[in-house]
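Asks: Chain by chain, the residues:
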Amino acid sequence: MSVRITQAMIARGTLGSIQDVSGRLTETQRKMATGREITRPSDNPFGTSRALSLRTELDGLKQLQRNIDEADGWLTVTDSALDKMTSLVQRVRELTVAGASDSAGPTARNSIADEIDQLIKAIKQEANASYGGRYVFAGTETETKPYLVDGPDAFQGNGQPIAREIGPGVSVQVNTIGSAVLGNGNADGVDDGRLLDTLRDVVAHLRGGTPADANALRGQDLRDLDQGLQDLLRTRAGVGALQKRLEAAGARIGETQETVKGLLSKTEDADMAATLIDFSTQQSVYQSALKAGANIVQSSLLDFLR
Amino acid sequence: MPVSSFMGLQTTLRGLLAQQRALDVTGHNITNAGTAGFSRQEAVMAAAPALRVQAGAVQGGGGSDLGAGVDVLEYSRIRDTFLDAQFRGQNTVLGDRSATTSGLERAELALAEPGDAGIASLLGEFWNGWADLANAPENQAARQALVDQGRTLAEAIKTLDTQLVNVGQQALAEYADLNREGGEIDAMAEEIARLNRAINSSVESGTTPNDLLDRRDLLVDRLSALGTVSVAPVAGFPGSVIVTLGGEELVNHTTSATFPITFDPGPPGGRLGALQRIGQTTVPDYREDLRVFAQQLVADVNGAHPGFFGATAANEAATIAVAATAATLAPGSSGAPGHNDQALAAAALRGGAADGRYARLVTKIGGDLRNARREESNAQVLTNSVDDRRQSVSGVSMDEEMANLVRFQRGYQASARAMNTASEILDILINRTGRVGL
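Those sequence lines, one after another, are chains A and B.
FYI, this note's numbering numbers position 291 of the first sequence as 291, with every residue one higher than the one before it.
Plus 306 on top of the position in the second sequence (first one is 1) and you've got this note's numbering.
Isolated chain B (complex conformation):
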């Protein structure tokens, strides 16, 4: 069977078209080099289906498959899903630690330690006040000064308690804001649901929607900072996924969860988990320590001077107040103007249990924050390194794309030259053949 004279043209045309597609893909990669979540694509080429010549193709009359050029087999997205899972796991830890750090930073700021406005320094002045009163129990100015110092200290304790409450409330408010209908998570969940539908219909019609897949992966990446995520395929809907956040189903094919989500199996991890922990555990812990400190202070001082601090309600730190006035202050138990036993006893409380409890609170907050910072920077390093490995697979390298550009351009030029050659052959065949003697 003879082979068509135009076969060469057809083969080189395929080459031209394939090189052009490859150039298009390179252009797509280059323009998306800075797009978040973009995975580089590749036009996978394969030899075009061969032309089967049944007989007479080779000596001896046998048939053969004649190469028919090149075709683009598929446009593939270069991505390693194993690295995606690793990245998301690390990113969840990072989200948790960075939210913890910023929450604890607020708590540390409220302490105002070390500094003149801090409770430690006010406590020192308070004890000085008692000692000065013990030195001059008759002195009205010393009495007034002590009462004022006591009030300043009580106010500072109450303010710190209020500020800690605010830190907790801010964390819980941010949690509620993330996890509300129409909130950030809701918006992402709905977009994933829409993407699921689009991807599913593409896949069912036999195409690979690379850019939609990138977008969906990016959304899951972002979700992973907020909580633990997992992604699983949906049975019966190829391309579609079920996304869970903190163990709760967030998106199933095209339906997204109703908000707010109640995280049942435990803390959702990530930013959400950290916010919940700060609001529900960390801050209440600090407040309890502050309360115990205030309780100790009131008990110790009132033990030395009955009734200096007024009666306190259940939370001593929130209700501490000086009840004594300059007139009712009694430096001595006997009432003699020079008697100073109570003031001496109160002054001797310096450096005692109350100071110790407060120092422990400061150390605790400082230590927790330091740990959180260290863990945050560790998590950052790990997340970056996983992301680097991911980028190493999926990211766009300009050098590589430039090399490809050259490669495909040359391929195109060569194909064009081959076509030219085929054309010249035809020229000879059509225009010059059989013109003998003309």
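Chain A extracted, bound-state conformation:
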């Protein structure tokens, strides 16, 4: 039996196909308006989960970039303070050499000692360098000045490391412990051989005035000062190396970010060219469907019977 085509079938078929095409048209229009391939999880569940994890990764990378910037700022402050300390210690060395010479009299030595006292204060001042209100040499006691400029030489901070995450699962210690460079002086009666201790020794020997003092100035003290300078330089080298490492890590993270961004865009952004072509194709299909529908629904045997 051949299929009878009835009016209701024609009407439903026509309406159904018009609705189908206009539904697809709306979908494409939404893609164009939002620029997104995925606007709801059900558009592409797998893509959504991929986009979610890529977004998390991207968030994490951006945060790492911020961490690196922050660590770099910290290290720059540290490096600059160490740099100034080095010049100050070099000045002390020059003064020490001058004071140790036989030609210098007690008055001259005393005034040199006075100047070195001031330089010690300046060095301690440098050790109190801060970044964003935080003392960078104080260990984790970042709100306590590591050294009392006008007080005893004892280190006020602690020896705890401060870590920054600079890569996924990679943490580095960004802080330099003040006491590891400058020490605690000899206030506690124990010589720790660190810079402040050495500087105090130099001042004491300058003021002492005995031949033994002069010998010490020429011998042990200069050697200790050189050792202190060596320590400073080594510390600075460490800081510099870390900054280099941060720079490399930052560049790598920047590259990864670009890759992840690309993947994310591929996953959730609409392909505009394809979408536009889809849109114009669907629009012409829609118009033909309307036209065909109008013609089919209109004509029947009624038009031809008289």
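To be clear, the hints were calculated from the coordinates, so they are not data collected in a lab.
Glycine included, every Cβ here is placed at the ideal spot set by N, Cα and C.
One or more of the hints may lead you astray.
Taking CB as the label site, the calculated pair distances span [what the hints assert, rightly or not]:
| id | chain 1 | residue 1 | chain 2 | residue 2 | range |
| --- | --- | --- | --- | --- | --- |
| 1 | A | E27 | B | A538 | 42 to 48 angstroms |
| 2 | B | A538 | A | Q19 | 35 to 41 angstroms |
| 3 | A | S288 | B | S683 | 17 to 23 angstroms |
| 4 | B | N621 | A | E27 | 35 to 41 angstroms |
| 5 | B | R680 | A | S284 | 22 to 28 angstroms |
| 6 | B | G572 | A | P168 | 46 to 52 angstroms |
| 7 | B | D330 | A | L301 | 18 to 24 angstroms |
| 8 | A | S288 | B | D330 | 39 to 45 angstroms |
| 9 | B | Q446 | A | E27 | 47 to 53 angstroms |
| 10 | B | D705 | A | L263 | 55 to 61 angstroms |
| 11 | B | T513 | A | T281 | 52 to 58 angstroms |
| 12 | A | P168 | B | Q446 | 26 to 32 angstroms |
| 13 | A | Q173 | B | Q446 | 23 to 29 angstroms |
| 14 | A | S284 | B | D330 | 54 to 60 angstroms |
Fit chain B to the supplied structure of chain A, relying on the hints for placement.
Replies: Frame of chain A; chain B shown alone:
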């Protein structure tokens, strides 16, 4: 035996009347072309009982049956009950899938993913908050920001849970509304019961109540969207039917079920089944996933920073709350202002188990909805195609009716002409015969 002179008139009269009835039926079909559930009717014609001439009808004196014109045998409803059963089966599937789709769409809307208000993005900001705190543990503003981000996240989780509860409740409320005394199903059941009575009495008095049958079939069609239906005849009451919905007897002859119906043998299928499933299984499943996510989040964060989230009751997603304040927040375990081990540990949770569990929930809801949509459009196509086949049998085709109109009109005209001829013969017989020489 001689045949009556008026036999021709009688025969053509039958023709006129039959063609007129056929025209009436055509008119009925045309006017009901747009009526839902209408099946086209047909005036089935058959030759009228012949006039038996016992003897002398033919040469040799034998008898014969003389044709006596046409009669309408019955007004039949053109319908294929096998297609009805197929349509109802498909329609039940369609009812289920479309209810599932709209329920899941509400759940998806509650997620608000992907977007800035979604939990995924709030989680990202929360982890940023921890990382910023690790970079500046002394900073009060960073602490406050983290506490605020934590609260926003906790609120969003609680809101999502509440919205999911609402989705489930809405589904169950709609189920209860359909399946209540005086509800949609009840009204249809009672109408079927009334139709059963009317159809039964018609059938018993020997007529076929085509339009009542159409109406009853339409009601069963509508019921089939709500649940699995079956139709069986009632013994002893010809024309009457027993209708079951979801395996439970809905109408038996003239009695309809009491509401609400308890569906015993399992889910009733169709819209009712989908609503029940969403309310009782799907949404509780999603909430359980959300709960596991919240539990994971609380455990992980509190593992890194004890006491950041407060103690939670049995459902973590519904009770999650930030207990820490800017003052009690401890970025480092030692209490030294620059110490940041706890904040670092919490920041390292980004992309971990909690994020994974949430992403799984989003994927699950999205995937379920996508499947439901696809199944809905499949069911729609299948239902339409069965309905097309049904329409192809029962639907009114205007072209066909127009052709019939012409056919029956011509039949009527021809019958009238035949009657005219018979009349003229009689005219000659009555008025002109025997007037020789007048």
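Asks: Give a verdict on every hint.
Replies: Okay, the hints, checked on the actual structure:
Judged by the Cβ atoms, the range 42 to 48 angstroms given for E27 of chain A and A538 of chain B holds: they are separated by roughly 44 angstroms. A hinted range of 35 to 41 angstroms holds for the C-beta pair A538 of chain B and Q19 of chain A, which are about 37 angstroms apart. In this structure the supplied range 17 to 23 angstroms holds for S288 of chain A paired with S683 of chain B, their Cβ-Cβ distance being about 22 angstroms. Taking the beta carbon of each, N621 of chain B and E27 of chain A are about 37 angstroms apart, inside 35 to 41 angstroms as hinted.
In this structure the supplied range 22 to 28 angstroms holds for R680 of chain B paired with S284 of chain A, their Cβ-Cβ distance being about 26 angstroms. Separation of G572 of chain B from P168 of chain A is about 51 angstroms and conforms to the stated range, judged on CB atoms against 46 to 52 angstroms. At about 20 angstroms, the beta-carbon gap between D330 of chain B and L301 of chain A stays in the expected band of 18 to 24 angstroms. Between S288 of chain A and D330 of chain B the C-beta distance comes to about 41 angstroms, which sits within the given range of 39 to 45 angstroms.
Remark: the range hint 47 to 53 angstroms for Q446 of chain B to E27 of chain A is upheld by a beta-carbon distance near 49 angstroms. One distance hint, 55 to 61 angstroms for the beta-carbon pair D705 of chain B and L263 of chain A, holds here, with the actual separation near 58 angstroms. For T513 of chain B and T281 of chain A, the hinted distance range of 52 to 58 angstroms is satisfied, since their beta carbons lie about 57 angstroms from each other. Taking 26 to 32 angstroms as the suggested C-beta distance range, the pair P168 of chain A and Q446 of chain B conforms, at roughly 29 angstroms.
For the pair Q173 of chain A and Q446 of chain B, the supplied restraint of 23 to 29 angstroms holds, since their beta-carbon distance comes to about 25 angstroms. Between S284 of chain A and D330 of chain B the beta carbon distance is about 47 angstroms. The supplied range of 54 to 60 angstroms is therefore violated.
The earlier numbered hint that this structure contradicts is number 14, and it is the only one.
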